[in-house]
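Take each chain as given, in its own frame, and dock them per the hints.
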Amino acid sequence: MINSSSDSVKKLNSINRRMFITGSLKFFIMMGIISRLFFLQVKENKKYLTLSDKNRIREWKLAPVRGEFHDYFGNVIAGNFEAYQLHIIPEQVDDFRYVIYRIKDLLELSDKEFKKVLKKKSQIKPWETLIVSDNLSWQKFSKINNHLYDLNGVKPVISISRNYPFKENFTHLIGYVSQANQNDIENTEVIKKNFVPGLKVGKVGLEKSFEKKLIGSNDIERYEVNAYGRRISQLEFQKGEKGKNLRLTIDTEVQKLANELLKDQAGSICVMDIYTGDVIAMHSSPSFDPNLFVFGISKDDWQLIRNDPMKPLVNKTLQGNYSPGSTIKPIVALSALENGIINTNFTVQCRGHKHPLELYGQSYHCWKKEGHGFMNLRNAMKQSCDIYFYEIARKLGVDKLSETAKKFGLGKEVFGDLFSIEKSGLVPNTQWKKNALGQGWLLGETIITGIGQGYIQTTPIQLCLMSAQIGNGGHKIYPRIVINDENKVAPMDKFSPLYTNSKNIKIVQDAMFASTNEVRGTSYKSRIDDLKYQFAGKTGTAQVKKITARDRELDLKTFEIPYEERDHALYVAYGPYKNPRYALSVIVEHGGSGSATAAPMATKLFKLVIDRHKMRQSINDKKYLEI
Amino acid sequence: MYQHTRLTTNRLNFFQKFRNYDYILLFCILLLGFISLATMYSTDGGEILFHTKSHFTKLVVFTIMMLIMSFINIKYWFSIGYLSYLAVIGLLVATYLFGITSSGSQRWINLYFINLQPSELMKIVIILCLAKYFHRMKLENVNSIYTILTSLIIIMLPMGLVIVQPDLGTSLLIAISGIAVLWFAGINHKYFIYTMLGFVISLPFIIAFLKPYQKLRVLTFLNPDRDPLGAGYQIIQSKIAVGSGGIFGKGFLKGTQSYLEFLPEKHTDFIFTLFSEEFGFVGSALLLVIYVIIIYRIVAIGANCRSYFAKIFCYSFGAAIFVFITINMSMVLGLLPIVGSPLPIMSYGGSSMLATMIGFGIVMSARVHNQQLIA
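Listed in order, the protein sequences are those of chains Y and U.
Here the first sequence stands for residues 17 to 643, where the numbers follow my numbering.
Here the second sequence stands for residues 4 to 378, where the numbers follow my numbering.
Just so you know, not all the hints are guaranteed correct.
[What the hints assert, rightly or not] Pairs of lysine-lysine residues, derived as BS3-like cross-links and limited to a Cα-Cα distance of at most 30 Å, are as follows: (1) 242/U to 63/Y; (2) 257/U to 77/Y; (3) 56/U to 70/Y.
What the hints contain is simulated information worked out from the structure, not anything from laboratory work.
On a predicted model such as this, the values are computed, not experimentally measured, just so you know.
Chain U extracted, bound-state conformation (with noise of 0.2 Å):
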């Protein structure tokens, strides 16, 4: 009875959609934003540089798209599900085609106004892709051949096109978000169980066929002590950083191993490492639970919609995310070998964050329009 006069009220207002909003959420991304401004100023030494202004610039930007993103009924978000991820894959072919080469990888594309990472855009289009793929499917057609081979197809392509970057850390984060999916719309567990057993047992294949860089990265991780100053380099100064920290830091603007340059990617990769040497064993714990905080709305927002696409989406979105979260972690504290995966909102680069505030835009669509039902 409440779902069906619920179901008459369903075009909301806009005031309506106001007080739906989940303001937790809304709070804890923007502390977030404004944390990882307070690091980026700090990575420039304490002025306003290039990397602050940047980074402000698309922290404002894009929290505003999200905002907007919001607005949109979530079934608008559903019928761009499969356009987006072909648009996407025709971003990663352009890129592969035209695309710009640093550091011996060819990852961006040249949009004229903005340098895009396509593959960033990937990890979120994927989700959305497959969200819509699984959400009309029967439960008991989940598990056929056809739709398993169909969803693989989906997942392969992409990290296909990102592997040939080469780019292998950003395909495999791809591929988790799509696993995600699958996971959540029910696919038999044996198969994860086989995939998971298979996995361990071609690692040696794998690692034959890995490129020497590769294979010199999961050696360091083994071991970074084998080579202090070249390969073990980062992850042993990482470390040194964390540690140093303490339990409340060395303070703001007081992080010596960033600040005299022994931290390399401390922008982009290794922004956790420097927030952590510098706020300690504390700041590193409250920044976690902002993430937790978020990640667990994220999750209660599915849980709270009424329709299967938007559960889906943000059941695996917060899955996605705490995976990205907690890879690169444990990559900056010596737990994983050493996998280029940016720290969602806090790394500098706009793709991350691109693809991060369109992620939160959707569920925040979905949390204002949690009653909206898609045939």
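Okay, chain Y solo, but in the shape it has when bound (with noise of 0.2 Å):
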């Protein structure tokens, strides 16, 4: 007993000893717990509760509310509708498979259509909504609905989206929009920022050049979400803002007309006031259906369009580069009048194509066979007699042509960077010819640059601002065709005289009035006696190939040509010529002669848009107008 006490003791020695040690290191670890604990949950609280809200908390962004584009009286050109959609969320559905041929038979959806659907069910999670059809028509919207109680967890949607009224109307003016790709996204920052799958951006036209004004904002959804990003409950929802509406120039009427005028056949038709710019109307035809392309162009519809021979997708207003043809001549006129060339009684003979002007071994003839006779400017303008134009022009040489050509608004853009492929057309002068084509010019081709033709180019939108700045007295413009375009500062030589001695200008009008409405005037079919209508113009006819000896023998009628190698028919005017106010371009593709086939459509639309002056100037929006 007492061996084993003072052993027992020695033992209770030791474990006392190690318990002591034993309970420091409990106590510097427990310390080490709490402080790590103090750490995270004081400390550092604030950066994990924001991880624990990034974590729990998602956004969903919906689609904004497309600005809608309005004509000059407000009606909506571009607006937005109401798309009937069936979604369907998998995971609410008892029976998918049943659900989905149900509707398969409800809709009468094609094999193909039906495995796209269930394409997309395979790639999305099974609580993210599958849109099973987004544009619906009524009557099988309504099927649906009548058929719901057969058809669980399938939820017929009303969402909104782009709709154009006017179908082919505006194509080329407004554009469309479709689903934002890859490029959208990346190049415009307006759209990475507001992007949502199935996102509609505007593809062409103003559609896109207004992308930041029209596009909105967002709503914004928040959801709290568990591990597997199932929404539990949503916390808030911030309404986003809708996009600018923009009202334009345009006038529906007018456009409607243009379209009509040019149906089945290429070209453009621009109408313009010559005081404000206001485009009044703006068409490039053959047009399609924007409307075909907001869902989605199926195949079929997209090659129908890309294979037009007439081409569709081109907007041949901005972008047609034709040779303006005797529809430059005023310019040419003006141009020689105005550097003291010539005076309105200088006078050349026509002799027709018998006795056609030699140059260097090159003979240029007249249209007419037959010849004009004497001709003094009067005369020249009103018959377009192209030997008297030769004869100024040669006269007159190619850079103090170009010089007034472009000051009136040829070889450059007319709305600037508006429009990403508006063209610039080519005022040709032996400065360009030296830089781009490395020669000299040569003489004949000073001379048929004063019939419109070799080199010079010209689009429709910029023959119209020619015109409307010869009709209003020979003074700068800038056109404009959004009115609530705030980034657009008002130019300062607005309404600068873009003559040296006004007196031309007026010798200029007064041709184009006698080309129009006296005898033997090239465009004399198409006048408007009634002085509230009358206008003045140029016809021109611009050749696509060269006329050779045989084809002036032949002499065929426009009908009996191939259909590329008719001449292009062009007209410019503008009217009433007692007070002018408007001014127009029409060009018909391989229409024949402008006398023909251009100018009877300038006389409907000066009908039309005069009757409408008045209306137009009722709506006195001081708000937008700024004359």
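As structure tokens, then:
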């Protein structure tokens, strides 16, 4: 007992000593854990709270509502409509197979469409929305609604989508929207910011140019989600802003008429206010229905548009580079007058095809076989005598001519950078040829430039601007389409004179008047005698190929020539003559002669435009008008 | 003299046993049980579902078991020291042979009324066994080669059986329980220092022998952002949950991290994370205080015991419980790599609670019979 007790005392001492060491160790470890807790929960609390919220809160952006386009009178020309859609959340459906086949029957989906839906389904999570159909007709939509009792988990949804009520009328001007692609997202900041799957953005035209204003901002829904991304509850709904509406200078009625006039033909019509520069109509034909693109165009429709020989995808008003033909003659005449090369009495004899103008072995013919005889400026313009203009162009020289032409708006983009696709056309001079082609200018080239052939190229909108600036007495104007575009600053040199002597403009105007309203004028048949509508214009017939001697002999009628070889028909005009207000340009591709094809269209256009003038004036929206 | 008089009253009647009871310890255990129930209720999303019900049943049954155990003389527990060890070794062998495989490891054995995890029991039983082994040993014999080898075999045998399951975490905890006894038994501290050094030196070799998933755990521990959605997910989400709790927590049943299922294993190993998220720094500190009181009481009971066996058991059990708690907490707080180790009483899991309650039972018995000498 004694022995064991001395041993047990030793043992007790040992164990108690070690307990003491252990206890101290425990204390330090406990302190370590407490300080770790303190560090995480007190010191770093904010960081982890943010991380926790990031974990559990997820944002859903909804597609913003796009701004509308209105015409001058406030009619919606590109608006939003309620698209009827069919959504399914697969996990909420008891028997997905049954439901999807039932829907297939009800909507009469083709096997191809059906497969597409099934493929989409396999790509999403079961609690995500499957869009079975994004644009149902009302009949099918109501059919689905009638069978809802049988379609558990199917959601008929009304969503907002783009609509172009006037279909092909505004296609080239406004453009169209379609699903944003990778390019759109990467290149446009505002699209990147507002992007949601299925977002539709402008692809061409004003829809593209004004994307920033039109797009609006997203509705944002904040949801609490669990670790698997399933929505648990909605925390917040932040209403987005609708995109800005844009009001255009366009008159829908005139635009519609333009479309009608150019039906089944390729060409362009522009109508412009000669003082404000407001574009009343701007149409390129043939056109197509932009609504086709909103939900993705079908392959067949796309092929049809793409392969059309009349090239509906090209906006001819802005992109079409045409030889102006005789429509350049007012500028040639004006330039010659301004530079003192000729006066009104300057006379040239036109002796027909037997005696063309000979120059360095080349001969230059007038269009009239028999010749015009002795021509002064007024008569030459009236009858569009080529020999006369060959002669004054030769005397004038191409450099002086190009100076005047550029002043009147040829050879550069009319709308600046509003449309990325707009072409600048070409007003050649000697310098240009040396730089671009590395060759010296030939006199023969000056001569054909005098009747608007050769290198010179213009777009229809440029010709319209040119005639508008002749019509308003030679004052500079800046065409505009969008009225409420704050970014556009009013230019300082608006209405600054483009002439040195206003008499010269009067002479050209008078000559254009004669061309339309006097016997033997080239567009005499298309005149309107009523002073209210009376207009002055100039026809043009632009050759698309060189006329050979054989062609001259044959002298075929337009319909006898193959389509691609027929001349372009052009017409520029302004009116009413007594108190001018509007100018226009008409181009019909391969339409034959300007006087037969283009000028009659001008007659109808002037009638409508002038009839609607009062109505247009009555909209006195001071907020927008800046005259 | 005093001791002598007490010796005569060695046999206590029922009421004397009651008087000897450590009510502070009992209260703390019951409080912990209540907190664990509330937390379990929260993991079930604020409803009384399977986990809550099951936890409640186990808590009641095992608490009653603990109370009954505490009235049985400490001598009895001494006497079954080796037997219980052998029985659990037998269970481990049976687990190895016919165990139930779940999520890649064979840890459970079906005893018809309960699926038991014998490795959890081993954490306690090994203390009982070694405490008995060292009870009669003279201090000068403790450091003999024979003693050290025997005790090492006693530790290594269950470790090996648990490692093959495979369950590295639990086998390490078994080792720690065993080593705690060796420490208190008075094995020369040089051995501990040498072992520690040896371990550090051989660490690179050990890592080379680790299974790929174990290596991944170590790497993930060193840098959880390495693979935030894969291996690092648990620890990152756990830290977010604890950290976002703040000083006062998000409130009972309002822990978004667990409620929205960002937290993995929230019933078992990560239960402290959930508690900490909902009750914040204050709540967590209070929980720690409860654990500290429990450990303190266990140690105090050991200090007041006359028998060496009871003393060494209480000290070792206190140290083991302390290690279990700190390892679990360090793990969920990102201080240690993820090793499967439950938080005593709080975590869901019958075997762990059974083992802990057995330990408490024996400690209580030591308290009630603290004057009992064991020959």
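Cross-check of the supplied hints:
{"no.": "1", "hint": "242/U to 63/Y", "verdict": "holds, 11 Å"}
{"no.": "2", "hint": "257/U to 77/Y", "verdict": "holds, 27 Å"}
{"no.": "3", "hint": "56/U to 70/Y", "verdict": "violated, 33 Å"}
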